[in-house]
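For reference, the chains in residue letters:
There are 4 protein chains.
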Amino acid sequence: MLDDFQYKSNKILLKFCSCYFNFFYFYCMKFSFKNDYSEGCHPNILHALLQTNLDQQAGYGEDDYSLQAKELIKEKIKNPNSDIYFVSGGTQANLIVISSILRPYQCVISASTGHILNYETGAIEATGHKILNINTEDGKIRPSDIIPVLEGHQNIPHQVMPKLVYISNSTELGTIYNTKELEDLFTFCKANGLYLFMDGARLGHGLTSEINDLTLEKVAELTDIFYIGGTKNGALIGEAIVINNQDLQQDFAFNIKQKGALMAKGRLLGIQFLELMKNDLYFDLAKHANNQAMKIKNAMKDKGVKFLTDTYTNQIFPILTNSLIAILAEKFDFFVWEKINEDHSAIRLITSWNTSDEAVNRFIEILNK
Amino acid sequence: MLDDFQYKSNKILLKFCSCYFNFFYFYCMKFSFKNDYSEGCHPNILHALLQTNLDQQAGYGEDDYSLQAKELIKEKIKNPNSDIYFVSGGTQANLIVISSILRPYQCVISASTGHILNYETGAIEATGHKILNINTEDGKIRPSDIIPVLEGHQNIPHQVMPKLVYISNSTELGTIYNTKELEDLFTFCKANGLYLFMDGARLGHGLTSEINDLTLEKVAELTDIFYIGGTKNGALIGEAIVINNQDLQQDFAFNIKQKGALMAKGRLLGIQFLELMKNDLYFDLAKHANNQAMKIKNAMKDKGVKFLTDTYTNQIFPILTNSLIAILAEKFDFFVWEKINEDHSAIRLITSWNTSDEAVNRFIEILNK
Amino acid sequence: MLDDFQYKSNKILLKFCSCYFNFFYFYCMKFSFKNDYSEGCHPNILHALLQTNLDQQAGYGEDDYSLQAKELIKEKIKNPNSDIYFVSGGTQANLIVISSILRPYQCVISASTGHILNYETGAIEATGHKILNINTEDGKIRPSDIIPVLEGHQNIPHQVMPKLVYISNSTELGTIYNTKELEDLFTFCKANGLYLFMDGARLGHGLTSEINDLTLEKVAELTDIFYIGGTKNGALIGEAIVINNQDLQQDFAFNIKQKGALMAKGRLLGIQFLELMKNDLYFDLAKHANNQAMKIKNAMKDKGVKFLTDTYTNQIFPILTNSLIAILAEKFDFFVWEKINEDHSAIRLITSWNTSDEAVNRFIEILNK
Amino acid sequence: MLDDFQYKSNKILLKFCSCYFNFFYFYCMKFSFKNDYSEGCHPNILHALLQTNLDQQAGYGEDDYSLQAKELIKEKIKNPNSDIYFVSGGTQANLIVISSILRPYQCVISASTGHILNYETGAIEATGHKILNINTEDGKIRPSDIIPVLEGHQNIPHQVMPKLVYISNSTELGTIYNTKELEDLFTFCKANGLYLFMDGARLGHGLTSEINDLTLEKVAELTDIFYIGGTKNGALIGEAIVINNQDLQQDFAFNIKQKGALMAKGRLLGIQFLELMKNDLYFDLAKHANNQAMKIKNAMKDKGVKFLTDTYTNQIFPILTNSLIAILAEKFDFFVWEKINEDHSAIRLITSWNTSDEAVNRFIEILNK
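Chains as they are written, first to last, in this note's numbering: chain A, 1 to 369; chain B, 1 to 369; chain C, 1 to 369; chain D, 1 to 369.
Please note: incorrect hints may appear among the correct ones.
Intra- or inter-copy, both count: the list cannot distinguish identical chains.
[Said to hold, decoys possible] Straight-line alpha carbon distances no greater than 20 angstroms define the calculated SDA-like cross-link-like pairs of lysine to any residue that follow:
1) K163 to Q250
2) K180 to I146
3) K297 to W337
4) K34 to N155
5) K218 to A191
6) K339 to L150
7) K163 to D247
8) K163 to L248
9) K163 to F252
10) K339 to G152
11) K163 to Q249
12) K30 to E62
13) K34 to A58
14) K303 to F317
In short, the hints are calculated from the structure, not lab data.
Being a predicted model, the structure only gives us computed values, none of them experimental.
The following block holds chain A by itself, in its conformation from the complex:
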């Protein structure tokens, strides 16, 4: 509703801010590779918030923006029958989805690296459900991992009933599923009465990895339910839960409200996903993040650095000498992930939609010194 002039002047303003901060950072502060949610959001989102701010809208996700964003997502997944709901964050999405699907005695299967298992303060158990743990090297689950779990839970009714498989793509270790792997897993789940749920907090990064052959459409086809993560890919908040299996759609909104996740101003979520989905901004942002990570990875590989796991998304886990880590830590923020031996540790570097070439180049520069 803003005319062109306002739009442009606004764009310029936002662009200016961006430059200003980049400048500011590289000469005054440490740049952070700690995570992909250190900044606010992509300027287009702020612009849209500004533009729509005083428009009166229905509450609780019934606003025009949310409706439009849902339509856009349905087009992209090519499934008009999927149901879509926006919630604010990943733990919230996980606990709502899982508790909405399972009966009290049913449980969820997760890789040992699964976010729900380790970093959600027992949010799933707090809704009454056990998580069965599958040990994996690469954060991924395969049918062969699930078979022994099913075999080991035949003592009815003394054991929980496995009913839902939880996977992440990209995973917590930065790895991804290819189409064949997801097909195999989904086929196995269907043959065994299991639901398949994909945590897509970093789905954009998975789907734009240089080694990826999956599409959003395929993800919708090969899962019962998944979500498209906004928080870690340019939104202020927001994950879009997509329910493909119609058996799981009924009454879903009640669960969102009951868990305190139904926003009065649902427009905040709708506007963000509308912007992210328009012109595939969502994928451009993720691709950018991946590219910046790959630049650092390749520079390291050239110097002979080894990695904890071989990733092609926006998370890399290089193994460095502790002395080099100390030098890098003077200029950059990141997590030391794991001690490897007396002299070496693996660090985790995460790039984001906003990681600038300056930051990446500077990091590589210091490495090379």
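Start from chain A and add chains B, C and D according to the hints.
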């Protein structure tokens, strides 16, 4: 960090948008008196989001803005020992607070009009706790209401143990507590081993009512825990939970995370409360909303209209003829609250920080015709 | 497996004990009319425990006695497709049944006198479900009571979804449902997508009341799920949950185990129900209890005593002068139920399968003095 | 209250039954080594039930027998300040104890063989709490096992807070804790703000093992809470929860009622524990069970049989050829526990308070053939 020029040009831009929409509404669309969360947020908030957008910050509420906003609130309540946490909405605040305080066999007491009792899809019960209901006319709870509840729950261990009193200010009916009432209630609670929790989704409206004699400082003194509602008073999202009773402070953050309410980009909440608390914007916005409601109320009183309850905040419940309601409904959105008799119903009108004089005048104009 | 001699000598022994205690009580101790679970169990049960004690049996309800008892119940309800499970007590039965049926956002409707509402320490809410309260005078629910509850819960998804109607027969006030009432209620439930669950802690007393026209078979036909209470009618422990609606049968055993209600020595429950169901002992015991209560009631009526509610089962609520209550209390234990005015109170008298003529006659004797 | 004559005639009757069944079993049916809850209960208990049956008693554990049994246990543990509660079974005891202690975000640590982890249908998680798993070879937990768990849960508030250590004695693998081990563990727990809870479903077997040096008194001294298991050691049902830590005593009864575990006829539990505790019957029964297992174990050792774990209680895990297992399975019931290789499997044999010399000798006889 923006210089003065950008700040001003930005202000102008935001001002322009505001005018543009006001114009648009009154000649093209119905204005809505349905609730106080139909619009986005106060322009200062958007401006601050814009200004801080690319600043890298720690996640999960450890950002500078959140820390500053907490300090500001502590100053305003004159209690440096209170703990403050930001969450996204009212149901979330209610379920986290209540479940964090109660042991499994303890329950909460609420007025029969309480939001937790009627409009939160059983969110409190979903955390395992019963709500005991007190019938009230005006949405308020008095010690004399609680005594029979305590007396009726002496059959140990066959009955739940009342432990927490939940009140709202302003209440769901738009009424408010005065200082004497809150003192009496808090004293009673302390004498009976009960905690007192105030739902402040519309606390601003309560504290700026023309008949109010409470202060934010007093509220902090006379409750164990309360929250300052942002969503219904100019924020996009956000409620600031204030824990005054130090016994209730321990480990509170775990509960927020477990319920899926800990935002990765906590800055979104911090920035908003920082803006709202600066220069008492929060109270100015609430006062504006109240004033607009009072204008309509007084205009109606002049015409002899009766009200369901006598309120002095931003919610009014006039009893009108059904024919007049039909006429008003052509131009304005609002809820028909309760059928009174064959010809009359009570409607609910809610004004907000953004309800313009134009909207109010136009409404009165139609009334007068 | 005991031969006739042992059986008889055993019977004699048990009979002897019974006489001994009756004698002992009426001349040395107060007789208690406080409840129907003051004694152990019917001698036949003890005898069967003795007889089967060292028989090795499968655990967890897979023993022969449980299987036989289930068959016997299926015969009596004339429904081979019902599923039957034994648990130890009423609160346990209630919480398992209700939590097994409801989805997290669904709730149960109960009369305001409902046991689940008042005397189970929030057991239902502890499983995550709200109880909606219907005010009743006589402890019974009618379709006309439910209609406003359904109408008042249309604000989707902000309110819980009513899904299950909980009734007791006989009720907590000693009243009973007749066939017409139960038919109307069940028909209404089916028409409105509701399940009907009958708490049968005192089902025996309901079905043998002098004004009853229901049968066990009809109860099975006109409920989705109900239970046959043993604890209050001659068993040591035990309620037999009968699931008539096949949609509710799936995986039910998991719920029993998860709630800690699956007994390793399920034989204890099976043996008891086998004995109670054989030759309709269950109904004989309940009828005896009712008769004893009616004797007292009629004696009181003859003296012009009024009652709080007009009951025809083993609970009566006479209104007496406080002075008479004091005199009775010297010789008998009972609950003073409700203060009526300065001089009068209602007391509750409960008779049991073991209430002797001596106790009843003595009580009437004192009354008459 | 029965005189000597009745008592003796009753004893004779019970003795007779016992002989009768032993005879019956060894010539007509398979004897079961599947578990220690295949039979009813010790005759003394049946006798006491018979003797007290018609004595009117207060309900809900306030009966004289329960009070006496509690006093007797307090004497045996030499701690008058412990609180004691009786519940019906192990899963029930575990879920009540754990959920009564933990705040929503706190979790329990268990060995990977822990009953709560594997065989309770997610009962603990159903109360909202995660179980952290420690891999152990022998079913026991040592301080060195807990240290990495504590170190791995420092990411506040993103991870659950370990607060309670759950151990079993004897363990699910038949192993036991000695005094030194329990002292070390308890000291470690206290130093780290952890509670220690001992599942004593087979506590009798642990404390009467030939290699045991712990006493009941020491167990009460070195745990915050534990229970004395009746179900697996001669009772029909029943576990006695003993709360030594006074911080955990408050309001405990509410939890029992809320979870559906408060028996109306609590006398059933009281009478059993009174009988078991009198003259140390409890320990005699357990010792008998252990002895019978040791006879088989020693006979096997003499033949060179290896065992999965080296146990000295009533569970043994011999590794046998599959052909021998097949022969034994014709005459005896037991579980095949684990496949060892193509030709060998480990079986689990459990003896009980009622395992006769005939059964043991016959088993050994077949082995020797």
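Q) What label fits K163 with Q250 when the C-alpha limit is 20 angstroms: within, between, both, or neither? A) So K163 and Q250 pass the 20 angstroms test inside a copy (18 angstroms) and across (14 angstroms) alike.
How do K297 and W337 come out at 20 angstroms by Cα distance, when the copy is not named: within, between, both, or neither?
-> Cα proximity of K297 and W337: one copy only (16 angstroms, versus 49 angstroms across).
Please work out whether the CA atoms of K34 and A58 approach to 20 angstroms or closer within one copy, between two copies, in both situations, or in neither? Between copies only: 9 angstroms across, 38 angstroms inside.
message = Cα distance capped at 20 angstroms. Does K218 pair with A191 within a copy, between copies, both, or neither?
response = So K218 and A191 pass the 20 angstroms test inside one copy only (19 angstroms; across, 41 angstroms).
**Report entry** Intra- versus inter-subunit Cα pairing at 20 angstroms for K303 with F317
**Finding:** within (15 angstroms within a copy, 55 angstroms between copies)
Note to self: With identical chains, the pair K163 and Q249 could be close in the same copy or across copies; at 20 angstroms between alpha carbons, which is it: within, between, both, or neither?
What the structure shows: both (17 angstroms within a copy, 18 angstroms between copies)
My question is about K163 and L248: at a cut-off of 20 angstroms on alpha-carbon distance, are they close within one copy, between copies, both, or neither?
both (13 angstroms within a copy, 18 angstroms between copies)
State whether the alpha carbon distance between K163 and D247 is at most 20 angstroms within one copy, between copies, both, or neither.
-> Answer is both; intra-copy 14 angstroms and inter-copy 18 angstroms each pass.
Pop the pair K180 and I146 into one bin, within, between, both or neither, using alpha-carbon distances up to 20 angstroms. within (17 angstroms within a copy, 40 angstroms between copies)
Exercise for review: Could you figure out if K30 and E62 sit no more than 20 angstroms apart (CA to CA) within one copy, between two copies, both or neither?
Suggested key: between (42 angstroms within a copy, 17 angstroms between copies)
Intra/inter-copy verdict for K163 and F252 if alpha-carbon distance must be at most 20 angstroms:
both (18 angstroms within a copy, 16 angstroms between copies)
Fill in: K34 and N155: within-copy, between-copy, both or neither at 20 angstroms Cα
Only across copies: K34 and N155 sit 15 angstroms apart there, 44 angstroms inside one copy, limit 20 angstroms.
Checked against the numbered hints given earlier, this structure breaks none of them.
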